[in-house]
Each structure stands twice: as C-alpha cells, then as structure tokens.
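Asks: Protein chains in written order, with numbering that gives the first Met the number 0: chain A, 0 to 206; chain B, 0 to 206; chain C, 0 to 206; chain D, 0 to 206; chain E, 0 to 206; chain F, 0 to 206; chain G, 0 to 206; chain H, 0 to 206.
It is worth saying that the hints were derived from the structure and are not from the lab. In this text, a Cβ means the ideal position worked out from N, Cα and C, and glycines have one as well. Any given hint could be a false lead.
[Said to hold, decoys possible] One side of the interface only, derived from the structure: several residues of chain F facing chain A at Cβ under 10 angstroms:
hint	residue
1	Asn-11
2	Asn-26
3	Ser-32
4	Pro-33
5	Gly-63
6	Phe-143
7	Asn-178
8	Ile-180
Protein chains: 8
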Amino acid sequence: MSNFKYRRLDKNDVAVLLVDHQTGLTNLVHDFSPDDFKNNVLALADAAKYFKLPTILTTSFEDGPNGPLVPELKEIFPDAAYIARPGNINAWDNEDFVKAVKATGKQQLLIAGIVTEVCVAFPALSALEEGYEVFVVADASGTFNQTTRDAAWERMSAAGAQMMTWFGVACELHRDWRNDIEGLGALFSNHLPSYRCLIQSYMARGK
Amino acid sequence: MSNFKYRRLDKNDVAVLLVDHQTGLTNLVHDFSPDDFKNNVLALADAAKYFKLPTILTTSFEDGPNGPLVPELKEIFPDAAYIARPGNINAWDNEDFVKAVKATGKQQLLIAGIVTEVCVAFPALSALEEGYEVFVVADASGTFNQTTRDAAWERMSAAGAQMMTWFGVACELHRDWRNDIEGLGALFSNHLPSYRCLIQSYMARGK
Amino acid sequence: MSNFKYRRLDKNDVAVLLVDHQTGLTNLVHDFSPDDFKNNVLALADAAKYFKLPTILTTSFEDGPNGPLVPELKEIFPDAAYIARPGNINAWDNEDFVKAVKATGKQQLLIAGIVTEVCVAFPALSALEEGYEVFVVADASGTFNQTTRDAAWERMSAAGAQMMTWFGVACELHRDWRNDIEGLGALFSNHLPSYRCLIQSYMARGK
Amino acid sequence: MSNFKYRRLDKNDVAVLLVDHQTGLTNLVHDFSPDDFKNNVLALADAAKYFKLPTILTTSFEDGPNGPLVPELKEIFPDAAYIARPGNINAWDNEDFVKAVKATGKQQLLIAGIVTEVCVAFPALSALEEGYEVFVVADASGTFNQTTRDAAWERMSAAGAQMMTWFGVACELHRDWRNDIEGLGALFSNHLPSYRCLIQSYMARGK
Amino acid sequence: MSNFKYRRLDKNDVAVLLVDHQTGLTNLVHDFSPDDFKNNVLALADAAKYFKLPTILTTSFEDGPNGPLVPELKEIFPDAAYIARPGNINAWDNEDFVKAVKATGKQQLLIAGIVTEVCVAFPALSALEEGYEVFVVADASGTFNQTTRDAAWERMSAAGAQMMTWFGVACELHRDWRNDIEGLGALFSNHLPSYRCLIQSYMARGK
Amino acid sequence: MSNFKYRRLDKNDVAVLLVDHQTGLTNLVHDFSPDDFKNNVLALADAAKYFKLPTILTTSFEDGPNGPLVPELKEIFPDAAYIARPGNINAWDNEDFVKAVKATGKQQLLIAGIVTEVCVAFPALSALEEGYEVFVVADASGTFNQTTRDAAWERMSAAGAQMMTWFGVACELHRDWRNDIEGLGALFSNHLPSYRCLIQSYMARGK
Amino acid sequence: MSNFKYRRLDKNDVAVLLVDHQTGLTNLVHDFSPDDFKNNVLALADAAKYFKLPTILTTSFEDGPNGPLVPELKEIFPDAAYIARPGNINAWDNEDFVKAVKATGKQQLLIAGIVTEVCVAFPALSALEEGYEVFVVADASGTFNQTTRDAAWERMSAAGAQMMTWFGVACELHRDWRNDIEGLGALFSNHLPSYRCLIQSYMARGK
Amino acid sequence: MSNFKYRRLDKNDVAVLLVDHQTGLTNLVHDFSPDDFKNNVLALADAAKYFKLPTILTTSFEDGPNGPLVPELKEIFPDAAYIARPGNINAWDNEDFVKAVKATGKQQLLIAGIVTEVCVAFPALSALEEGYEVFVVADASGTFNQTTRDAAWERMSAAGAQMMTWFGVACELHRDWRNDIEGLGALFSNHLPSYRCLIQSYMARGK
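Could you build the full structure based on these sequences and the hints that come with them?
Replies: This is the structure:
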C-alpha cells in the first residue's frame, strides 16, 4: 500500500507569496500570451482575496528596469505585507520576507512570480527545505520560453513542490460550492470567459 | 507601375458589423484562447465606441442554443441598431440588416463575428459584391479550429476583403496620436497588457 | 469599384465529387487526427445527402493497397454514380467521370478527396479550366502533412478554386434556418460535438 | 534490484469513475479537439461496458450552467450508480460517492472527468491516500489548455497515480485477444478510425 | 467565366533544376526534419530519373563551406548537365545554366533547392519573367525556418509559380497508372513509408 | 504567356526604411524569440550598411513608453536621416519622412518595423499607392502574435508588396559572390550561426 | 550523498525486444512523421545487428489487419528468435517470449514497439517487475498521438524504465570510437542525414 | 515533513563542464533556433567567466566531421583545462577529464554539451554515481529534435540531476544583486535582448 498523504490546500493554513510581478519583468514573459498571463495573475490575486488568504508581496528593484509592482496587485492587496528586497534574488534570503511568511503562521505556501525558474523556484526550494508544503501556481508564473519553463517545473516538482494552476487552487480551497455559490461563481465568471459564457447562456434561458 | 489604391480606413466612412457574438457560439471558438478572444472582441468594440463608429449588432436565434448576445456588447452599444435575424444565416440576406448598413451611409465595413467562415465570410462576400470596401477584423472573429480559419481567410482575401486585426484598425482610424493621446493610450492600455506594462513602467519612472 | 462576383453555393446548382476516400488511402492522412478527419468526411457526406445533392463517388484501384471505398460512404450514397477508375490519376481524365459530372447538369462542384494535392487538386484544376465553379471542401480532404497541404491549397486557390470547409458549405447551401430547423440542427448535432453540447444544455434547461 | 510492482489492471478488480462529464463543462475543454475528446470519452465508456466494469457517474449542479450529464453516457450506463453532488467539488468529499465506490469492492479505480486538475485530480489524490490503486484515463479527461493539463498530470503522477489512455486501458483489461476477438475488435473499430480502416482493407482483401 | 488555363505538367515538356543541394547547405535547413528532407529530395530525384526528365544540377562554391553536391544526386544523375557557378547567386544569372535550360527545349521547369528564398526563388522569378512555366517543388526545397519559408512561398506564388510537392509532381507526370504500375508503385514504395506499409499489408494478404 | 516582371532588388535603386524599432515596442514582439528578432533586425541593418543603402530611421514618441530607438541602430547609422514623428502613426503621413524617402531618389523600398500590421503595413501601402516597389523585410518586422502577423502579411501581399527576409535581401542585392566574397561572408557569419559553423569547420579543415 | 547507480548499457548484457513492428500497425503511428519513424526503427535494428545483440521479434496476428512484420526487420534479423503470439497482448504473457528473453541470459532489455502504451509499456512493466533493467527506445516506438505518448512515457518512467533514443543507445553501447570508427561512422551516416552531410563535407575537403 | 535538501549552487563549489560544443556538432542541433542556441551557450560561458568558475572544455575528434571547438569558447576560456578525447564517447570515461574535474576540488558540476542525450547525459549520470551534485544547463545543450530532448531530460532527471537553464544558474550563483549590480546587469543585457530593452528604456527615461 502506498503511503501517499494528500497534502490538500486548507484555506486556514495557506499563505500566498507573489514574487516580482513587476511591470518590466512582465514584459519578459513569453510562455503565455499577454492576455492569458494577465488574467491568470489577477485570477490568483482575486482568489487570494476572496479566501482572505494572508498574502505577501515582494519586489526586486522597483526603481529600475524591472519596474513597479503591477498596480492592479497593489489595489487588490492594499494592506498586504510588502517587502521591497534590496538585492536578494531569492526572496527567501531576505529576512523580512521570511519573517513575514512565518508571521502568517501558515504551513502551506502558494507561490507565483516572474520568472518561474528564479523568483518562483528559488523560494519554493528554500521553503521546501524548511518543511513548508509548497504549491506552485504555475499559470500565474511566467518566464522566457517553454524550455525554461519545462526545466523549472521539473526541478521544483522533483523537490516535492506540487504543481497547480489558479483554477485548481480556488476549487481545492473552496471545497464545497454550498459555502458560497455566488462568490465562487463570480470569481470564475470574471476570470474564465468560457465559463462566463455558460453562465450567461444559462441565465438568459432562465428568464 | 502598379495601379494599387490604398483603401484606407477613414473614420468618417466606416461602419462596424458585429455578427453573432453570442454566448453559446463563443464557446465553439477554438482558434483563440478564451482570454485572447474575449479581449479582442471587446477591444474592437471599445475602439468602435471610441471612434463613434456606427455599429450594427445582429444575432441568430438568441433564444436557442446559440445564446444571447454577449452582454458586454449590449452595454457598450446600448443604442446600436440591433437585428435579431429570424433565420437568415448570411446577415446580408436579411433586409433589415442591409437597410441598417445602408442607413449608415458608409462605404467601408469592418466585419467581425462567430464563426469566421460563415457569419463573417458570407456578409463580407455579399458586401464586396455590392461594392463596399470590406475589412475583416480577423482576431475578433473566431471559429472551430485553425484549418477552418485558414480556409475562411483565403476565401475572403481572394475576394478582395482586407484582413486586419483590432490594433491595426484602431491605428489606421486614429492616424495621428495628436488627435487624442490619452484616449488612444487608454484604449491600448485596456486591451494590450504588454503595452500597459510599458506605460506603467514609464509612469513609475516619471514620478 | 471591385468587380467581385460572389459565386455562392446554390443547392440547385451543386454536385459533389468524392474522390478516392478509400480505406487504405485514409491511413496516409496525417494533416488531421483520425477522429477529426472521419467526422469531416462523414459530415460532408451527410450534408450532401441532406441537401439531396447529386454525388459522384470515384475510386482508384479498390482491389489494391488503396483499399475499398470507405464503407460508410457506400451506405450513405447507395445510388450514387460510382466510377472505379481503371488507372487515371486525375479523375477528370476519366471519360465516365466527366460524363457523370455533366449528367448532373450542375455548374458548381464541391470536391473533396485523398490526397489533397492530387486527387482533389487535379480534377479541381481541370474543372476550373472547363469553366466550372469549384469549391474545395478542405477539411474533408487529407494528405501526408501540413507542408503538402499548404502547397496544394495555394495552387488551387491561385487557380480560382474557393476554399471552404464542410460547415460553411452546409450553411451556404441552407441559407435560412427556417427552411428546416430540425434537419440542419440534427446535421450539426451529429457532427459538431461542441454544438451538440450547446443544444443539450439548452434542451435540459428547457425541461 | 528494483522493488517495482506492476500494478496491472485486473478486470475483476476495477471500478470506473466518470466525474462531471456534463454538456456545459465539455464546452470548456480546449486541450483536445471536440471530435477527439468525444471519441475518447465514449471509447472509455464503451470499454467499461464491454468489460462489465462497475461504473459510477457523478455530476455537479446539473441544473446550472454545468449542464446535464452527457446523454450518451446515460444511455450506455442506464443502471449505473449516479451521484448528483449537492456541492462537493471533490467527489470524494461526498459520502454517497465514496460509499458507491466501496460498494463495488474494487481496489483499482479508473478515473476520468472534466476538468482534469479538479474533478479528476482531487478524487484521484483522495483515493490514493486511502490506498486505492488509481489509474487516470488521461485522454478521456479534459481541461482549459495544455499548461493546466501538464500541471495536473505532474501532480497526480507524483502522487502515484498511473497515467493511461483509453486504448491502453482496454488492452490491459483484455489481456488476450483469444478471450474475444470480435468484441475487442468491434470496440477498436468503433473508436479508432485508423484501425477501422486497417480492418476494412483487410476484410475487402479477403473477399 | 474564368479564363483559367490549367498548366499541367507534361513529361515531354519538363526539365528539372536542382539548385545547390550541397552537403554544407543541407545542414542549414531547419524547416524539415533531416529524414523528411533527405527523403523528399531523393524522391524528386528518383522521379526525375524515372520519367527521364532532363535534369540540370548546379552548385555554388563546392570547394568552400557550402560543401559538395549531395553525393546521392551525383549518382542518380551521372550524365546530367552540371554547372558549378563561379559566383552567381541566382543560377539564372549564369549563362551556362540558362543555356543548359534552353538546350532542353522544355517550357516547364521543376525547381527545387537550398535555400528556398534564394536558390529556388531567384531562378524561379527569372524564369517566370522569361515566360517559362515554373513549378516549385516545395518539399524538396529547404530553408532556415518556417517564417523564411512562408515569405518565399508567398513571393513566388504571387509571381505565378505553381507550388507543388514531389508526390503531386510524380502523379501529374504519370497521369495514368496503366502506363506502368510497377514503376510508379516502386517509386512510391521507396519514398512513402506509409504507402509502402499499405503495399506490404496488401501483398501479405495475397499470399 | 505570363506578363510577370521580376522586380528585382537593385542596390543602386534601394532605400531602407526602419520604422519604430524602439526599445519599448520591441518588448511587444511575440512572434519571434527575442534572440531571433534581435539578430534579424541587426542583420538587416548590417546589410544596409554593407551595401551602403540610404537608410531612413523614424520613431514614434521616443520620450514615452515606446522607448528610444534601439541604440545599436543609432550606432550603425550615425548619419542616417532620422525623423522623430510628432504623432503620425503612418510614417508616410509625415512630410519630412516622405521628403527623406524622395531625397534618396530610389524607387525600391525595403521596409521593416514594429509592429508589422501598423508601422510596416501602413507606409508599405502608402508607398505602393505612390508607385514605389515595396519589399517587406518580414523577419525584421515583429508584432504581437502569429495571427496578427498572418493578417498583416496577407494585406500587404495582396496589395503587391513583395515578402522577403533579410538573407534573401542580402543575396538579391549582392548578386554575385565575386563582387566581394569576404564582405558577404562576414555578414553571413555574423548573423547566421549555422553558416558560421560551416565556415569554421571549413577553415579548421583547411589548416 | 545520492545512492544513484548508473545502470549503463553493456553490450555484453543487452537483449533487444522488437514488439509488433507490423506493417498495418505502423500506419497507426501519428506521433512521428513516417520518414522519421521508419528511419528510427531501422537505425535501432541496424545498431542491434552491428553490436550483435541478441534480438527477439514478436508479432500479434500477422495474418490479420495488423499486417506482417515489417519486411526490412526480417531481412536484418533472419535468424532471430521470432514469436508470433497467438493472442497475448502483453508479449510478456507469452511463455515462449519470456523463455526467449531468458535464453539470452541478458539482464538489460532494450524495448521498442507499436503502440508505445501497450506493446512497449506492458512488457516493459512486466520485465521491471521481474528485476530486469529496462531501456525504452522511445523514438523507435510509436503511437496514436502526442497525448498518448506522453502518458505512456510517464507510466514507464515512473516504474523505473530508462527513456532513451536510438542514437544514445548506440553511443552508450559503443563507449569508445576507437573500438571501430568506421563501423559506428557508417551506422550514423546511414541513419543521421545531418551527420552524413558533416562527413561528406569533411571528406570532400580532404580530397 | 519532507527531507528535501536544497542543493543550491554555491559559486565556491562549482565547476563547469562544456562537452563537445564543436562547430560540426552544433549544426546537428534542431531543438533550438540557431540564434537561441548560440546565445544560450555563450551566455553560460560568459556567466562561468564572470563568476570565475573553473571550466573544463572537452571535445571529440576535432579533426574530423565534428569540427573544432566553437572558437568563441576558446577565446572566453584561453586557460581552461582542455581535454581532446581520443575516442571516449562519455567524457567521464576519459581519465584526464575526470582528473581535471577532481583537480577543481568542486562538488557541484554544471554540465552542458552537444548532443544532450549523449555528451551531456552520459557524464552527468557518471558524475551522479560518484556522488557529485549535477546541474544540467538544459538550454546550452542541444540535440536532434524535441523527442530526443524529452527522453534525455527524463533520464537525467530520474537519476537526480537538477534541470536548470543559464539564467537560473547565473541568478543562483549571484544570490544578491548588491554583490555587483553592474556586472550581473551587463551579463543579462548581453544575453537577454528583452531585458536589454528594459534597461535601455529605463536609461533613456533617466536622462
């Protein structure tokens, strides 16, 4: 018999780490179309807000070519912990960042960022080493091309990170539609155009 | 010497035809990602509104599986001519539709719709036959797969339709940024995430 | 002003030529998935039957490696003209075939077959030369790979053939849903799984 | 020496779980062509029926936008256990569903559904944790895009699920053609158009 | 009525121009897999030999990095006209080459070479200007990538060149299987592995 | 007989127009990998310099998000005509730009820029209308995605523009290696890594 | 420290299992181009012969639609063990086959076949369970499509099979070019057209 | 709790092995565009130089078709250990090579080469067996096609090699921008055209 333990996202035990979603760096992302990537990042952010997950924002050199944090994220998380790293490439090398993570008291970390093989993979590996359960939100993380992505996924997955995408994250956190049908429905309608169309067809028919 | 005449979009001579952008039909579109397609259709709509182009909406069997007109389009064009066709597959076979087109008094037609090889191609070919200048907004038109798209483009292009995409349409209509920098910039910022990032990086730097 | 004439499919003036849809040759087709290709060919056949279009079947060496005509086509068209060519590669080089075409009295020819650049392109070019209006049903025609397909399309299109796909053919022939909503709906439901789902969702809702 | 144990499908120890193959949700699937996906799902269903595997159907909100269970599945499994979940996203969170699984008395579970990273992955992980042998029927499971699929496969595979496709499932269950050549041949002929052509060529030759 | 004239390959009026199929240049070809490209070039060569078409070989700087003519071509055409151009990039700028073409007395030219947009396109355009009928054997012509290929095809096709592939060329030249079933069958069996399999299955069955 | 006239690039009659190759806009290009695109643009620039072609640089809002002209181009063309357009989207709408073009006295225009469907297509169509021979350098022109590119190519090609790529441009201008083997060889070695390898292998062997 | 043991192919301890490379089944392979696949299979066969590896051929129903063993394999291995299985789908279920494997006395098994997820995966998993070292020759194994291939690779790799391709197999077996430069060079020249070109360029230069 | 240990690149404990980056072999690489691959290899080399990592160069038969070591690498590493292997395919089978590795005294090995499944995979597996930490620089390693790459990655990853790409390597080595902003920035600017554009836009704005 397998000893597999399903480490399932528990909304009471999850923190979200959004690493270097900055306007300059976003323009380096070529493994998603810009529309898809924007939608995925904001969907994850909206999900984090919806589930009231403690969220930590961090950036690298906002004053330089990397550009400021994507403004939409600032708006969604006006009160989030916000660590502007003075130089550490791996966010986990920054004491304030780790303190912020520990301050959440959570053991499950959802991580997304730009670029996948660095800003996501490095803190993911560090957190795994410290015993956290790490869930990579793969479609809210972007990089230069498919080859780079593939290698990054392989490295993180081999280390024990769970590869997820924003929709699965939201579903695993919510568990049961009855907890709030409208809220979850709105989240999906806003970020899944094809699901929105299903809803609209359905609603029209109901009139 | 070539006798080529550049039939250039002139915002005073353009009407927009949005054909069968319905919620059910949208779910048949597989030659774009849903995020990309939604963005392209709304970008065209926002451009049409921005340039105050007369716009005609038409649908096929909104009460049936095809579903209602995409609600966002209704909101953007609350006062547009709106022809719910009782059965004509080619919108141009519908007298009211043709009347509405003629009532605009325009000679240049921007056409987009679902699906490309039918709802776009048929009225495009009919309009070409009647002497209109036809511009297909190819990225706001969707269909079942790439093969179907390729054949549809080939047929329309062979007939003299000009193949364009929403960004080119907006640029050709605007002609000169000095006509309104902020307005055009807002349109692009709302529908080109990569351009939005450039603007945000630029603005941040200006602070 | 353009002199474009919209040569539109007219169900009273169309004949269908199905060229070499044989079981052996079908296994050479690599520019479609087998499921997609089977569906496209049968969809065209069902459309031809639905619109009662005179249909001509022809094959090349059924006794050899090319294999027999796809049995489903035999069943759909039990009484169709059927020319087993003794060796002509271009079906139009076969007198009986041309006679059968002329016997239909139609001026518009829908052509599909295997392989695209030979069994479709050759008779298409011959028919164009004789003044027929030729419509290639591109997704019911298959070949070895995408490169071969691209060249074949280019050659036929440059010669004046119109590139279509089965769904567009059916829509252009039907013209108006009111001619028979159920019949056309059934055709689409049987050959467009995504449309079938729309219908089923709609019907369920109506209960 | 490796300690690998080949957990091989045994038709006496297998149950099939079909999760949320609903008409609305099917329209969200973009990682397969609609023809391919329809064929794969029905092939799995026909295989399950052919091998008389206990099969459990479950759906989520059939009355809403997700739509009813695909009617073809209802027809194939008129007497199957059928759990309409009142809200649980993970079918395994539904007591009736787990009871139905346990009632089969089987230890090997074939799971397919829509969407892969949620409706398939969640119960797969839950079942693995409870000691079941889990086999994902990957080509009868669909989702939004290739990225989402890749992450879902990675997560399930890392947990110990075996990734299979319907054809492999049927072959591993059957073990020996001599158990029933015609039955298995019919299954393949109905769902593998390329194999059907081989058979038809063969049969023709035999005449 | 269209004035289209089907300029059909006539084996009595065709010459073949193989331009710069050299071993060094072959390694620059990235728009085909090496196996596919090798097969296509040799298939064209074997077809030219089979139909006894006058064939002209030309190379550019065989002593330099471009490398020698592919040895297999030398073997197939031991007596062909062979023009080692001292520097002309467009073979048609070389008097000896044009003389050799004229010496064939043919009006239809089959052209293939490396790289497509230069070694094929330049002489193709020159020959078109001089009134020859030009047929590009597109799959026996290679270049750096798909973008470069697409542009080259577009330019040649717009100029009136007919885009073909080796299999279509062979079929159009042969016209009727009865002219020599075994010869054509052997050509196909040697260069179409999938057709070879059909033949082998057929032959086995016949035993 | 065809009336085709081969409008062949003549280095004495060519001017080069580089339109909006700015650092911000370059980050919008997603139809090439960044390495490929950088190389293509600089290859065209180096070719223009090598052939001493009059070159005109133009930009749109260098002070804004579009960013400055790519610095490498400034260095290659320190004395080129340079028109910073105050707002015209179509460079041809700018009098100074047209004057600069006319001042070259050339009839053949090589055009490249960002983005293809606007900054390249608009002046290309304008120049065609005025009787210039227009050659689009397609691989030194970039845009948002493949769909946008395809539509832009189709529109320009239908208008009579010739689609080329930088390597073909260099070859057609040079005509004969004997004009300068080393110079052309250096150009290719610097911008075609695969050709560079051929040369290096050859040189090593010669030692 | 890792406990990784490099299970390296040792030509004295390897047997080759070629499973169901039959002419009918070959026509089902769609995850390779026919040219590529034919080359890969014959390259593996030639390598097996070159290294004098004991090779076992097995087939399934050669008299039926699956067709006979590919004749080229028969010619390469006239004296190989040859098991025509009467019905076992997993070759390892056939006693004669297992006996033949055991009779070789080898512990390392190179396995290739059609289709990957069945004819390769099943015996691979069985052999792993019995303690053999299993090396899948992935590019000499084909299946219906990329999805099916991906799942099959995942399953075998998770079980401990090593994924290889024919070129790596040949290199790992040979170990040192000095064992026989000409023999290995001939193998590569015959099955790697790009390497053949390198050799031909080199040889020409040496003259 | 997981026992995962993050084996992180430490610039004091890393050696770089560049295996068979020769001019002939480079022309066999088809899983990257030539521009991308050249850039990746030189980026890795520049990073190795920047971090002063001991680097070992090795080649196989430079006098033959494989060609000389890429000259750029010779220039970057004039004093590097350089082992011209007399015949060992696996560099680790060469005593001098292993001695050179051991002489560095490092435990972490960055390996890249041509072709991936042989020249990279073989020494990677050997080094893993001897207890080294192995990091494959996947985008500076090339091979014949994507299938071959996929199998090679799978094999190395299963053995415990970490899959990385050059940018991640540089970032993990550098750890903190404050160690040298300009140096790292120059490295990125030289090898990431998209990042270079960000910097140039930023610098222009700063003027």
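Asks: Now look at each hint and say whether the structure bears it out.
Replies: Results of checking the hints against the structure:
no.	hint	in the structure
1	Asn-11	violated, 40 angstroms
2	Asn-26	holds, 4 angstroms
3	Ser-32	holds, 7 angstroms
4	Pro-33	holds, 8 angstroms
5	Gly-63	violated, 15 angstroms
6	Phe-143	holds, 8 angstroms
7	Asn-178	violated, 39 angstroms
8	Ile-180	violated, 36 angstroms
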